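Visitor: Assemble the whole structure, with the sequences as input and the hints as a guide.
Residues per chain are reported as follows:
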Amino acid sequence: MTVPAEPVVVERRINARRDTVFSYFTDPARWLQWQGIDAELEALPGGRLRMNVRGDGYASGTFTVVDPPHRIVFTWGWEMAGNPVPPGSSTIEVDLIDEGEVTLVRLTHRDLPPESRDLHAQGWEHYLDRLAARAAGSDPGRDPWLVDNP
Amino acid sequence: MDTVQVIADPRRREILRLVWDAERPASEIADHFDITFGAVSQHLGVLRRAGLVAVRRDGTRRFYRADRAALRPYTSMLRQLWAEQLDRLAELAEAEEQESR
Chain A
1 MTVPAEPVVV ERRINARRDT VFSYFTDPAR WLQWQGIDAE LEALPGGRLR
51 MNVRGDGYAS GTFTVVDPPH RIVFTWGWEM AGNPVPPGSS TIEVDLIDEG
101 EVTLVRLTHR DLPPESRDLH AQGWEHYLDR LAARAAGSDP GRDPWLVDNP
Chain B
1 MDTVQVIADP RRREILRLVW DAERPASEIA DHFDITFGAV SQHLGVLRRA
51 GLVAVRRDGT RRFYRADRAA LRPYTSMLRQ LWAEQLDRLA ELAEAEEQES
101 R
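Residue numbers (UniProt numbering), protein chains in the order written: chain A, 1 to 150; chain B, 1 to 101.
Don't read these hints as lab results, they were simulated from the structure. Bear in mind that the values here come from a model prediction, so they are computed numbers and not experimental data. Cβ atoms here follow ideal geometry from the backbone N, Cα and C, with glycine treated the same way. Misleading hints may appear alongside valid ones.
If the Cβ cut is set under 7 angstroms, some of the chain B residues that face chain A in the computed set are [stated by the list, open to error]:
| no. | residue |
| --- | --- |
| 1 | D2 |
| 2 | P73 |
| 3 | S76 |
| 4 | L81 |
Covered, in the sense of this in silico footprint (three residues per stretch, anywhere, with C-beta under 8 angstroms from a C-beta of chain B), are these stretches of chain A [stated by the list, open to error]:
| no. | segment |
| --- | --- |
| 5 | 80–92 |
| 6 | 112–119 |
| 7 | 139–147 |
From the derived model, a few chain B residues whose C-beta atoms are all more than 12 angstroms from chain A [said to hold, decoys possible]:
| no. | residue |
| --- | --- |
| 8 | W20 |
| 9 | D21 |
| 10 | F33 |
| 11 | V40 |
Guide: Right, dumping it as structure tokens:
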């Protein structure tokens with residue numbers, strides 16, 4: 001049994017109110033504006049989440065906490081055979097902290113195996129930049145991480 | 001292993017960067033790392049089996065280069081990851097420089 005890596009923690013201050021930011025984690029159409037090309041999500045405790053993140057495979061998980069507009073927790077893993085982070089194996093906590101006109105988003109990704117930590121850290125840096133742009137009202141453009149021909 | 005899993009490893013990404021523009025022998029690639037030749041060889045094997053590098057044999061030597069066509073869908077992801085890797089290296093180098101003053 002591998003010892004999990006230190007959690008990945010990524011923070012962004014977003015120029016939007018908490019309930020606006022929260023909706024980008026609960027409404028599939030909004031989520032797809034910053035990450036993924038195909039998503040099903042049922043943002044209720046026990047609800048499923050499934051998303052083609054870059055066009056080359058699905059990530060899926062289950063919501064465990066949905067507490068608008070403060071906190072959302074879901075499990076996360078990749079469905080591709082042999083991936084070191086299978087569905088259910090890692091957990092993502094998103095905390096939204098009210099700072100007046102600005103919302104601090106703190107995303108904590110726990111229980112990743114050490115070899116997968118680096119890429120997930122860089123991935124969340126990349127995707128929270130896109131979320132910050134979108135939730136503050138601008139267009140983050142096409143995701144450069146999307147694969148062109150899966 | 002899927003492609004993203006292969007490039008999730010920072011050493012394999014560094015190998016791809018080294019052989020992106022030029023074909024290089026395994027020994028030269030190994031010289032860039034502080035890990036054993038065997039460990040570098042294993043990474044090269046993973047990259048080769050995933051079809052991300054091409055190998056040419058010349059006598060006993062093996063030359064590697066990135067298969068850019070196979071990597072094309074991942075090019076912008078790789079470039080961003082390389083840039084961040086270089087930024088981190090630059091920070092480390094600067095910190096070292098300051099300490100030695």
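Visitor: A separate judgement is required for each hint: does it hold in the structure or not?
Guide: Hints, verified against the model:
With 7 angstroms as the threshold, the beta carbon of D2 of chain B comes within range of chain A, its nearest partner Cβ sitting at about 5 angstroms, so the hint holds. Hint status for P73 of chain B: holds, given a least beta-carbon distance of 4 angstroms to chain A, under 7 angstroms. For S76 of chain B, the interface hint holds, the least distance from its beta-carbon to any beta-carbon of chain A being 4 angstroms, beneath 7 angstroms. The criterion of a C-beta within 7 angstroms of any C-beta in chain A is met by L81 of chain B, whose closest approach is roughly 6 angstroms, and the hint holds.
Only residues whose beta carbon comes within less than 8 angstroms of a beta carbon in chain B count, and the segment 80–92 of chain A has 4; three or more means the coverage holds. Counting residues of the segment 112–119 of chain A whose CB lies closer than 8 angstroms to any CB of chain B gives 4, so the stated coverage by that chain holds, three being the minimum. Note: the segment 139–147 of chain A has 3 residues with beta-carbon separation from chain B under 8 angstroms; the three-residue rule is met and the coverage holds. For W20 of chain B, the requirement that its beta carbon stay farther than 12 angstroms from each beta carbon of chain A is met, with the minimum near 17 angstroms.
A cut-off of 12 angstroms between C-beta atoms confirms that D21 of chain B is not in contact with chain A; the least separation is 20 angstroms. For F33 of chain B, the condition that its CB be more than 12 angstroms from all CB atoms of chain A holds, with the nearest at approximately 16 angstroms. With a cut of 12 angstroms on Cβ distances, V40 of chain B stays outside the contact zone with chain A, its closest approach being about 16 angstroms.
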